[in-house]
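Student: Chain by chain, the residues:
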Amino acid sequence: MDENRRRFLKRAGCTVLGLGCGFPLLHTGCSAVHHDSDGEGASQTQWAMVVDIKKCLKKEVRDACIKACQIEHNLPRNPDRQKPEREIKWIWSEQYKYAFPDQTHAGTASDIEGLPVLVMCNHCTDPACVKVCPTAATWKRKQDGIVMMDMHRCIGCRYCVVACPYGSRSFNWGDAYPDRDHIEREVRPQYPTRSRGVVEKCNFCVERIRAWEQRIAANPERVKDEPSPVPACVEAANNVPGGRGALIFGRLDDPDSEVSRVLRDQNTICRKAALGTGPNVYYLM
Amino acid sequence: MNDKPRIIFGLAVFIVLATFPIWYTLGLAAYGAGDTAAPDREYYPDDAPRCIEKKQWMAANHMKLLYGWRDEVIRQGDARLYESQDGKEYVKSLTQTCLECHSKPEMCRDGNTSCTQCHDYANVEPCCWTCHVELKGSL
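Chains as they are written, first to last, in our numbering: chain Y, 1 to 285; chain R, 1001 to 1139.
No wet-lab data here; the hints were simulated from the structure. Hints are supplied without guarantee of correctness; some may be wrong.
[Stated by the list, open to error] Using 27 angstroms as the maximum straight-line C-alpha spacing, the simulated DSS-like pairs for lysine-lysine come out as follows:
no. : chain 1 : residue 1 : chain 2 : residue 2
1   : R       : K1064     : Y       : K140
2   : R       : K1064     : Y       : K142
3   : R       : K1004     : R       : K1055
Small disclaimer: the values here were computed from a predicted structure and weren't measured.
Let the sequences and hints guide you as you build the complete structure.
Tutor: Written as structure tokens, this is what we have:
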């Protein structure tokens, strides 16, 4: 064969280039297709919430939940921030037809369509927001499945706001508390506020879960006596007369938890289940 | 053409501009002139109750400590207690551990927290306060 050095070198260079680029691409392609068991979705624990729509029909229950969350996490409550385009909400009340558009049809009664439903971040098993975040400012915790926000790293691109199919995320268009000199009149100092330019959402009161984990770590022998952590909204609902059980919080991996029992014994629906995000907030009709 | 005057004039203008940060701040209070000088180091006497680590170590390393805590607690989910060099344990939290004391009225002076006092003098502005609540000790 009539081979010359130049042609050989060209072909060898292309091969090396191809292998160098090809292998990583192949690896990425494989891992995108292959869902391994300790990948994105599965975590050791998954905290979940069950919302009893009937019990939440009482306005005192809904208001108590929303107010408790706002106070606990220093959400701005002034009227300017309640305008739809400026609203910061972690838990809020949505009409049934907007919360469950896939369950609403031409025959749905209008009083059902307008039913108020408490909605919040679903802490999905396969969250869309986590997939799109360019800085990993949001991620799903392996240890307990909570979709976390790291405000320090958020750059405010709002890609997650676009990606979330449930509208759970709010962007801080302005500084909620510009008067920093007198801020202690308006906020609860045990929890930070957020600066302008970051996205926030319900975090299942992860700070309470963290404190609970610390108490268990400090006293492992008392783990049975230590009550399960309860988010602010659930606590507020339980304190409203007739509101106990309106919101139930617990671990899916624990078959004896109230959440697991409710899911076993009763029929529940999820928001936009067909999208495949795997929401972990379940609704009892 | 004799360029010597022009050169000397240009050089003088350059030197004035280049040393601007030095001569401009000479009389300014914020940079240590007059009464509002360096923070009172006696404010933290050597026998003050030790928090986390020794005073000198903390002055040098508190930001590194705080960043480490932030990454461990938030990003890694590690909420275990921090063990200081003298064996005591602390919750790894700016809000719950540090600001519990460092925002109290007795730790503040003229409406400034102990953080602001040193950081203003050192002219290093940390961005913590855009979110974390800095109580000014004046409720």
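Student: Each of the hints needs a verdict: does it hold here or not?
Tutor: Verification of the supplied hints:
For the proposed pair R/K1064 and Y/K140, the alpha carbon gap of about 26 angstroms is at most 27 angstroms, so the pair holds. In summary, the hint linking R/K1064 to Y/K142 is supported, as the alpha carbons are separated by about 26 angstroms, within the 27 angstroms threshold. Between R/K1004 and R/K1055, the direct Cα distance comes to roughly 57 angstroms. Violation of the 27 angstroms bound is thereby established for this hinted pair.
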